[in-house]
Structures are given as C-alpha cells and as structure tokens.
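J.: For the record, the sequence lines run as chains A, B, C and D. Once you know that position 98 of the first sequence is 98 in this note's numbering, the rest is easy, because the numbers rise by one and skip nothing. Once you know that position 20 of the second sequence is 262 in this note's numbering, the rest is easy, because the numbers rise by one and skip nothing. Once you know that position 57 of the third sequence is 541 in this note's numbering, the rest is easy, because the numbers rise by one and skip nothing. Once you know that position 37 of the fourth sequence is 763 in this note's numbering, the rest is easy, because the numbers rise by one and skip nothing.
Calculated from the structure, these hints are not laboratory results. Backbone N, C-alpha and C define an ideal beta-carbon position, used for all residues, glycine too. Among the clues, some could well be false.
Unchecked claim - Simulated restraints on C-beta separations: (1) A:THR48 / D:GLN944: 25 to 33 Å; (2) D:GLU945 / C:ASP527: 57 to 65 Å; (3) D:ASP861 / A:GLY61: 48 to 56 Å; (4) C:SER629 / B:ARG324: 29 to 37 Å; (5) A:GLY96 / B:ASP381: 34 to 42 Å; (6) B:SER300 / C:GLU541: 28 to 36 Å; (7) B:LYS284 / D:GLY775: 48 to 56 Å; (8) D:GLN952 / A:SER145: 54 to 62 Å; (9) B:PRO341 / A:GLY134: 46 to 54 Å; (10) C:LEU584 / B:SER300: 35 to 43 Å; (11) D:ALA800 / A:LYS65: 44 to 52 Å.
Each chain, written out:
4 protein chains.
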Amino acid sequence: MTTPKALSRREVLQTAGLLGISAAVISSSALAAEAGNLSFAKDSGLVTGKMKPLKYESIPGLLTKEQVTPHYQAHYGGALKRFTTIEQQLDGLYQGKDPLGGDALAFIHKDKVNRMNSVLLHELYFDGLTPKPGDANDDIRAALSKRFGSIDRWSEDFKVCCMAANGWGMLVRDVVNGRLYNVSSDLHEIGVVWLGQPLVVCDVYEHAFYVDYTNRKQEYVTKFAQFLDWNEINSRFRSLAS
Amino acid sequence: MTTPKALSRREVLQTAGLLGISAAVISSSALAAEAGNLSFAKDSGLVTGKMKPLKYESIPGLLTKEQVTPHYQAHYGGALKRFTTIEQQLDGLYQGKDPLGGDALAFIHKDKVNRMNSVLLHELYFDGLTPKPGDANDDIRAALSKRFGSIDRWSEDFKVCCMAANGWGMLVRDVVNGRLYNVSSDLHEIGVVWLGQPLVVCDVYEHAFYVDYTNRKQEYVTKFAQFLDWNEINSRFRSLAS
Amino acid sequence: MTTPKALSRREVLQTAGLLGISAAVISSSALAAEAGNLSFAKDSGLVTGKMKPLKYESIPGLLTKEQVTPHYQAHYGGALKRFTTIEQQLDGLYQGKDPLGGDALAFIHKDKVNRMNSVLLHELYFDGLTPKPGDANDDIRAALSKRFGSIDRWSEDFKVCCMAANGWGMLVRDVVNGRLYNVSSDLHEIGVVWLGQPLVVCDVYEHAFYVDYTNRKQEYVTKFAQFLDWNEINSRFRSLAS
Amino acid sequence: MTTPKALSRREVLQTAGLLGISAAVISSSALAAEAGNLSFAKDSGLVTGKMKPLKYESIPGLLTKEQVTPHYQAHYGGALKRFTTIEQQLDGLYQGKDPLGGDALAFIHKDKVNRMNSVLLHELYFDGLTPKPGDANDDIRAALSKRFGSIDRWSEDFKVCCMAANGWGMLVRDVVNGRLYNVSSDLHEIGVVWLGQPLVVCDVYEHAFYVDYTNRKQEYVTKFAQFLDWNEINSRFRSLAS
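This is chain A alone, in the form it adopts within the complex (with noise of 0.2 Å):
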C-alpha cells in the first residue's frame, strides 16, 4: 500500500476546524511532521547538510559500485560540501558580518543554484532506482498512460530527453497546471522548471555512466528505464499532488 504523505500541523488544524474539532483532541502523532510534507525531503542533504545515504551501492545490471562510488562520494559529495559552504556564506553574510556585494558574493548567488539542483537532482536519482523493479502502478501508471498515451511512449519520449541532454533527462510534474512533462536539462542551473517537481531523474552527466559504458549512452538509458523504483516514484508523485 501506499503511505499517504504526513500533513503539516497547519493542516492538521485547518482541517479539525472544518470538521468543528478542538485541536486539544487532536494526538500528538499526527502533529510530528514539521519540517516538510515531502517524503522524500525529509532526509535531503539541503536539510540536514549530510550525505543521504544510499539505498544501494550498486545496481546488478545497470550500475556496478565501481560507477557508484564516486558518483555519490565525489560528485553527490561534492555538491553538498560546496552548498554548506555557501550556506555558511550567505549565513555570515546576512548577519552583517561582511557588506553585501562584489564579484565573489556575484559568483556565490549564482553558485548556490548550480550546487542546490546538484544535491537534490542526485538524491533522487539514487534513490528511484531499485534492483528489484516492477511495474508503474498506482497514481503514477494512470497519470503517465493519460499524458502520453502508453508507459512505453512515456519512456520512448522520455529517452529522447536523456538522449539530447548533457546534465540530465527528467519527468516533471509542473505543480501548477498539475501535467506532466519529459525534460533535457544540460546543466544543472539550465533547463529548470519553476515549481517542477522531478519524479524520474536520470543524470546523463558523463560521471553517471562513463566507468560502466564509456561512451554507449544509448545503452545506459535504455537500461536506466528498466531499473526504476516506481513505488518510490509513485510516493513522489502522490506527496505534491493535490
């Protein structure tokens, strides 16, 4: 079964009010998540500042560890250590410690935008992929076969996204018209979508694949299609939607 996502303790309220319940009756439990309603945020690097985890370290057919370890360690690693640094930056900078303005504070606004994608775009590729995979099902499958017609020219359209991109190949879900969208993003600051929530990610950065396919690219993101956590997906694309 799906998890429905954790309410906030606004909602909670709001709606006890609607319903004409004190928020007294209201238990402790359900008034837990304050830090955000998004599954998969809640132990995001852009929260905590540490590393995720991984779920695995290789994925038999897709990705050996070999590919896996300096992906997450240098280059997921990487991000992250970069975007606390500059949290620290902007955190000194706001506190006045240091005037406001310049070329390194120019460089840093820029920066922190690169880094911020990285770090997410890199957690939730390693963690929507599975070695035990099975089918698109649920809220997902219907909201795919609607949009494109069939998972399979979903997955058609979507490798000619990753296909076409130098950073990475994505289905969106743009969470204000609610649809959904296969997008090429060459950078990690290029070819974002304001308020577009990643369900798919697929990183086609070089790093991603270079150790287990050099140059067959082809290969990896054919096979990547196959190797997905739809639950994972699925739970995604459940926690923003109304």
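Following the hints, put chains B, C and D in place on chain A, whose structure we already have.
T.: For chains B, C and D alone, kept in the frame of chain A given last:
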C-alpha cells in the same frame, strides 16, 4: 486575517481518518478544491490556456500604462500563446499522430521550459505589485527577518540579485528545505531552482522597464521593492509551506 | 574601390623573401601596421580602453537619437567600463599582488567573456549601419549568393535568427573553413563560434529597439537589414579572408 | 626554426604591388595556399568533413589508448558527423528545396554552433598534446610571461579555469586586441569569445578523463599542462598574430 490555504480532497479525508471521523460527515464545501491548492495557480494560463487578467493596468509611481500594456499583451501573451501551441503539438505527438523524435521535437522540448517559466513568472510579477503597498507582514516578515537579519537587509541583497540578472531577480522559497534564497536568472530557463517557489518576482528583462526608465535599471529595481503587495506574497509563502 | 588590408611586418618580410627581395628595400610605409591588421579592430575599446566614437548619432528611418544615445552610452559604455576594470583586476592578479583563486576570480573569469563580447559586438553593430545604404557588393555579395542562393534568401534566414535570439542575430564567417553562417545568440557569452568573425551584427537585446519600437521586434529587424553599410561589411569580410 | 605561415594569394599579390613587382613574376609555389592560412585549419573536419587523424593514439603518462579511442571516435567523430549532417540540411534549405523557418530550423541554427565548436576544440585538444613535451618557447613563451608574470603563474591560473569549467579550459588569444586570456567554458556554445583564438585547449568534459582518472579531475588537469606540445601552440599563436 490571512486565509488558510484550501485543502485537497485527499488531505481532508486523510486527516479525517487520523481523527477517527468517517468521510461521510465531511461537508462538501471542504472538498471543493480538487484542482490545485495553490492560490496563485488556479487562474494561471498554464492551467487555463488563457491570459490571467491584470489586477492593475498601471502602478502609479512605478509603471505607466504605456509600459505595462505591451509587456502584458506581447511578452506575457506571446509566451502563453507559444506555450499553448507547444501543448497542442505535444498532445498530438503523444496521441500517436506523429513519430517521436527529430529536430523539431528536440527544439520543442527545450522551448517549452522557456515558455512555461515565462508564463508563470510574468503572472507572479504582475500580481505581486500594488499601487497601495503596505509593509511585509505575518509569516513572510518573520521568515525574511530570520533569514536575512531584517527586511532592509533582504531588500539590499535582493537588489544585488536584480542588478546582476538579465532576466529575473527573485526571492525564492526552496520547497525541500524551506529556506529563502535570493536568485539571479539570466534567461527564463537559466538559474532556476528545482522545487523552488518564487515569492517576490522582479522582471528585469529590458522590456519590463525600458519604456519608463530606459537604461535606469537601478531606479526601477529600487522602486519595484516599494510597491510589493505583501498580502499576496504572504499568501504565496503560506500556500506551499508546511 | 575597396582598400586592401594592412599587412603586418612579418607578412611583408616573408613575402619579400619569397620574391627574393631583401628587407632593406621595403619602404617603411609598408611596415606601419604592427598593431593589428583588422580594419575594425584598431580603434576598438578592447584595444584602447576608450569608447569608439559613434559614426552616426541616429539612423533616420531606423533609429532615433533617443534610442541610440542610451544604447551607446550606457550599454556599450557600461560594458567597456566593466571590461577595463576587469583588465585592471587581472593585471593586478597576474603581477602577483594577490593570490590567484577564490570566488571573485571565478566570477571575473566568466564575466570578462560577457563584457569582451558585448564591447566588440556593439562596435560592429553601430559601425555596420549607415543612413545612406547601398547594395551588397563585391566579395561579400558573391559569398552570400554562393552560400544562401541569393541576398534575399540570406536576409530571410538572417531574420529568422534575429527573431529567435534574445541577444544578437549575426552573419558570421567561420575563420577555419571560410563558410558563412547565420547565428542566434541569447546572451553575450552564449551561442558564440570559436574563431567566428561577426560580419553583420544585429543587437536584439530589448535595449536596442524598445525606445523606438517597443515590442515590435519584427519591424525593427526587417528595417535593420535595409540600413546596412555594405562597404563596411565587405571590408570586414576581406580583412580576415585569405 | 618555426615555419612562417602560408600567405594567401591576395596577400602575396598585394605585397608584390607594394614592392613594385608584377604578379606575373611570382612563382606559383607562393600561391598554393588558397584555402586558408591557418596551420591548424587546413585538415580540420570543418573544412574536409572528415576526421582529422590522431597524431598519437595515447599519451603515456597522461592518457591511455582506452581513454583516447572512445573520445576521438565517439565524441569528436560524433560531433563531426552531426556537423556534416547539419551542413547538408542547411545546403538543402539555402538551395530552396524547403521553406526557411520552423522549429527544426530553429534547432539546427543553435545546434550547429555547438557542433562546430566541438569539432574545432577537439582537434586543437588532441593536436596540442605530445608524449615528448618540451618547454614553452619563442613567441608564446614571451607572450605568456608578459601577460601572466611567468609560465608558472599562467599555468596556475589556467588550472583554476579548468577546474571551474564543465566543458573546456583554454588559453585564448583575442584576435582583436592581441591579449591572452584564460577561459572557462561550461558547454561547447557557452563562455566563448568572438574572434577568440584557442591556443591551449583542455577538454574537461568528463568523457575526456573518466576512463583514466574517474573523478580525479585535479590530477588530470595538472598532468595535462605537462604534456603540451609547445611547438604546436607556438605555431597557432603565430598563425593569426600580426
């Protein structure tokens, strides 16, 4: 008082379950908001395919009607028109009328992100201004003070981002970690944050200010911060916050 | 008649050698041009650090003085001022006054490319227009006809590139293979050709036309092609062509 | 001794005119170089449509054959293949076989810049390395010392640019002002200098080093600077310098 955000049907039912109440007793009024629980989203052209009406045809002291009219009609309207054309092209492709692939599809996949962002950001820009501005209030005031030290300090950093940008200067809430960031974006599709929610949106494409200010961008940006509709911005801030 | 490009000292001596003539008999007038053999380069702000004077303060029928003045003063002048500041910063760094590295240097390294391109392209834009245009002639006419079928067909494709661009539409000669290309550039530093020589340069940043045309970009672009100084463009074409 | 660059027919005739010699007496051998006077250009795939042969299948101590082969075959070869396809498409369009315009043309116009740059830079990268490196010499040595203080100081700054880049780190000579710049480029079409001549070209796309170095980019970049073919770089430097 601020209005609580609408809840989705699922959320109400879920909370009702936590509270031990059957769905049957929940009033239908509480279930109205199926389509999306973001206040700024429901009339968006990304949802309706139609131009969201202007709240104000001018903002005396900031923008004349001569500045606003072509901006709204040609730039916002043009992006929306192109977006709806692309949606139709994608619908046709996904319904199997054409094979997927080729140079035209590659272009559409990249262009759609540019247009989607342009539509949303223009709506947030126009709707975020008021001829009768008040002060930052409630949650957003507290959040800005906490992150930036003070509203003034936020404003100073925000202007740095606007001056450094060729497209958009923004205050953004990262939906994943809940933190606030000022952001510089050089083109609709560049410098964007995945799952970033734009709260304050300043269009610094030259079409936004050249009629009224020609090259005096600094003056435009400074005045812009004085005509913000903080009720609207606060409402945005609350709509996706936990 | 077209003026032959100046030869460098080395070229004259080299040819003299091929011809069996000693350097001693070569007149000093042939040796004047040490500094650079590109007609458009010798007064460039990239060389002198000073603004290249405008040939025309307006182009009646295309651009008013109200349009040209802030464009020249603020946009061209601003880019040049920033470029000269960066040059001074780099000189300081390279002379060992500061350690190399850090966020500020990272920013300067990227920003300088933006500014260098802005300076050069603005000079080529202003100098490429004339209030008394003739027809394309000589070498450039032949080259355009050969590549694009006809001048009209080139012009049609050129307008496509201008309309698709957010920054610059250009006719470019690739110095490596000698072929002509129409190019769309979205920002000063994007969509650029290594060893590409811009011949016809249309500024489509909105500051270039918004005073005179507001959003009527198509009208601006169409008229632009009617006020080209083909003698100047032909001179550019010959200056780097073998 | 360094080889003087070939002169074009026009240059020889022009100089002959200055020297008072009729064209009739100029030997035909001096007129051979019609196609282009840049040493690195004459065999470029941009000219011939064919892959420029590798000088070395590996650079012992820097790059193995396992690293070089897919890089050369798939990445350089792939860019060249796509470039030649685009050239054919453009030829077809310009000869009137198809109307000009549409999404496919918009894509081709942007994609061609990416591919042209990729072809040229890969050629300069491979040709700029040698298994038996010497020291920087002649003109380039003097120019580097003048600009950067010393070769070491240039090298230090060059590595900064390589580490900051996602695509290419380069030493570039601006053809307009003759000055040297280190440049960081994130994608083939980004961070490029109009009329910039790449002299030292380091491919930092991950495909360039991931087989031999995985994520140890710093080690790769440091070693790269030790295997430069300074004769080749000096020849490039002289070929467009006055």
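J.: Indicate, hint by hint, whether the structure satisfies it.
T.: Here is what the structure says about each hint:
no.: 1; hint: A:THR48 / D:GLN944: 25 to 33 Å; result: 28 Å, holds
no.: 2; hint: D:GLU945 / C:ASP527: 57 to 65 Å; result: 46 Å, violated
no.: 3; hint: D:ASP861 / A:GLY61: 48 to 56 Å; result: 50 Å, holds
no.: 4; hint: C:SER629 / B:ARG324: 29 to 37 Å; result: 34 Å, holds
no.: 5; hint: A:GLY96 / B:ASP381: 34 to 42 Å; result: 23 Å, violated
no.: 6; hint: B:SER300 / C:GLU541: 28 to 36 Å; result: 32 Å, holds
no.: 7; hint: B:LYS284 / D:GLY775: 48 to 56 Å; result: 55 Å, holds
no.: 8; hint: D:GLN952 / A:SER145: 54 to 62 Å; result: 56 Å, holds
no.: 9; hint: B:PRO341 / A:GLY134: 46 to 54 Å; result: 29 Å, violated
no.: 10; hint: C:LEU584 / B:SER300: 35 to 43 Å; result: 51 Å, violated
no.: 11; hint: D:ALA800 / A:LYS65: 44 to 52 Å; result: 25 Å, violated
The structure does not agree with the numbered hints 2, 5, 9, 10 and 11 stated previously, though it agrees with the rest.
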